[in-house]
Amino acid sequence: MIIYVNGEPQEIKQQPFTVADLLVLNQVEMPEMVSVQLNGEFVKREDYQTIQINDGDEIDFLYFMGGGAR
Amino acid sequence: MISFTDQQLERYSRHIILNNVGIEGQLKIMQGKVLIIGVGGLGSPAALYLAAAGVGTIGIVDADKVDLSNLQRQIIHFTSDLQKTKTQSAFEKMKALNPDVHVNTYHLRVTAENIREIIRDYDFVIDGTDNFPAKFLINDACVMEGIPFSHGGILRFSGQTMTVVPAESACYRCSFPEPPPKNAVPTCAEAGILGVVAGMLGTIQAAEALKYLIKQGSLLTNALLTFDALKMDFRKVALRKRADCPLCGENPTILRLEDIEQAVCELKR
Ligand SMILES: [Zn+2]
Numbered sequence: 001m002i003i004y005v006n007g008e009p010q011e012i013k014q015q016p017f018t019v020a021d022l023l024v025l026n027q028v029e030m031p032e033m034v035s036v037q038l039n040g041e042f043v044k045r046e047d048y049q050t051i052q053i054n055d056g057d058e059i060d061f062l063y064f065m066g067g068g069a070r
Numbered sequence: 001m002i003s004f005t006d007q008q009l010e011r012y013s014r015h016i017i018l019n020n021v022g023i024e025g026q027l028k029i030m031q032g033k034v035l036i037i038g039v040g041g042l043g044s045p046a047a048l049y050l051a052a053a054g055v056g057t058i059g060i061v062d063a064d065k066v067d068l069s070n071l072q073r074q075i076i077h078f079t080s081d082l083q084k085t086k087t088q089s090a091f092e093k094m095k096a097l098n099p100d101v102h103v104n105t106y107h108l109r110v111t112a113e114n115i116r117e118i119i120r121d122y123d124f125v126i127d128g129t130d131n132f133p134a135k136f137l138i139n140d141a142c143v144m145e146g147i148p149f150s151h152g153g154i155l156r157f158s159g160q161t162m163t164v165v166p167a168e169s170a171c172y173r174c175s176f177p178e179p180p181p182k183n184a185v186p187t188c189a190e191a192g193i194l195g196v197v198a199g200m201l202g203t204i205q206a207a208e209a210l211k212y213l214i215k216q217g218s219l220l221t222n223a224l225l226t227f228d229a230l231k232m233d234f235r236k237v238a239l240r241k242r243a244d245c246p247l248c249g250e251n252p253t254i255l256r257l258e259d260i261e262q263a264v265c266e267l268k269r
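The listed protein sequences derive, respectively, from chains A and B.
If you read the first sequence in my numbering, its first letter stands for residue 1, the second for the next number, and so on.
If you read the second sequence in my numbering, its first letter stands for residue 1, the second for the next number, and so on.
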């Protein structure tokens, strides 16, 4: 299946495929620093293991961006 | 009704000539009140542009003094300002740039205790802070007081910003319900920031404040704008106001402000 991660197409062979799997596949090192949206809907952290991603789904990673400005 | 002096007509002529601004728009700017929390990387360009634009009252909040390591990006502060308070340094530049502007200085850190009273006097707030406890505090206080604000964050070569109009659009907690765990936040020493990225983001925030004052165009609400200056990619992700947001949702669990433990940043200021 093809999914869209941050607007970029990505081919996924694994089935079933959860949000948690996607974070691993994309080597998100600190999942605590990211919020996930699936087709525009916020995904709760406790649902990462259970919510499945399907063909054509759009996933956005929203990163915490704070400082480093001081 | 304020009337324009000849000097003001001249000073603001490039605004006034714009169809979307005109005399009425410039008047709204001159009657506007904007609070900038943090006159660092983001607040510096915002304060200068808003002063130049003639925003009637600009509040600036910062508890820090100007440090040599600030000058690579905090363009309102000069080498001659080292050890001055940031509020005093910024005040001097803003008044020199535009004596028309009334500048209120708050040499303090915003806390759960003081923030609501401070923001209440303003039409729009710009978050130019450098840490998550302050960002969550500003979001929560602005939502509770119903004051629109611009969130901003920067990291290395990237920036992100969203505008929140309380009750109407998604708040920061709709997408980021809780601050990140302390140990996950990169330390200041690890992070770093390309100076100009702060300028790009702070300038976008100032543009949102001006648009809010003149009621033109559409604000960056229900969207998170992220850019990566390395590739010069800009991306806008649509956000939704969540019915189950802990702050602005139907059954909020956050009913009063609380100070969140400060993330560790022991780097010399
Ligand atoms: Zn919310």
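You may find that some hints are simply not true.
Here are the computed lysine-lysine pairs in the DSSO-like style, where the Cα-Cα straight-line distance is at most 30 Å [claimed, not checked]:
#, chain 1, residue 1, chain 2, residue 2
1, B, 33, B, 84
2, B, 211, B, 95
3, B, 215, B, 182
4, A, 13, B, 84
5, B, 211, A, 44
6, B, 215, A, 44
7, B, 241, A, 44
8, B, 236, B, 211
Hints listed in this document are in silico derivations from the structure and should not be mistaken for laboratory results.
Outcome of the hint check:
no., hint, in the structure
1, B:33 to B:84, "holds, 25 Å"
2, B:211 to B:95, "holds, 23 Å"
3, B:215 to B:182, "violated, 39 Å"
4, A:13 to B:84, "violated, 59 Å"
5, B:211 to A:44, "violated, 33 Å"
6, B:215 to A:44, "violated, 35 Å"
7, B:241 to A:44, "holds, 14 Å"
8, B:236 to B:211, "holds, 18 Å"
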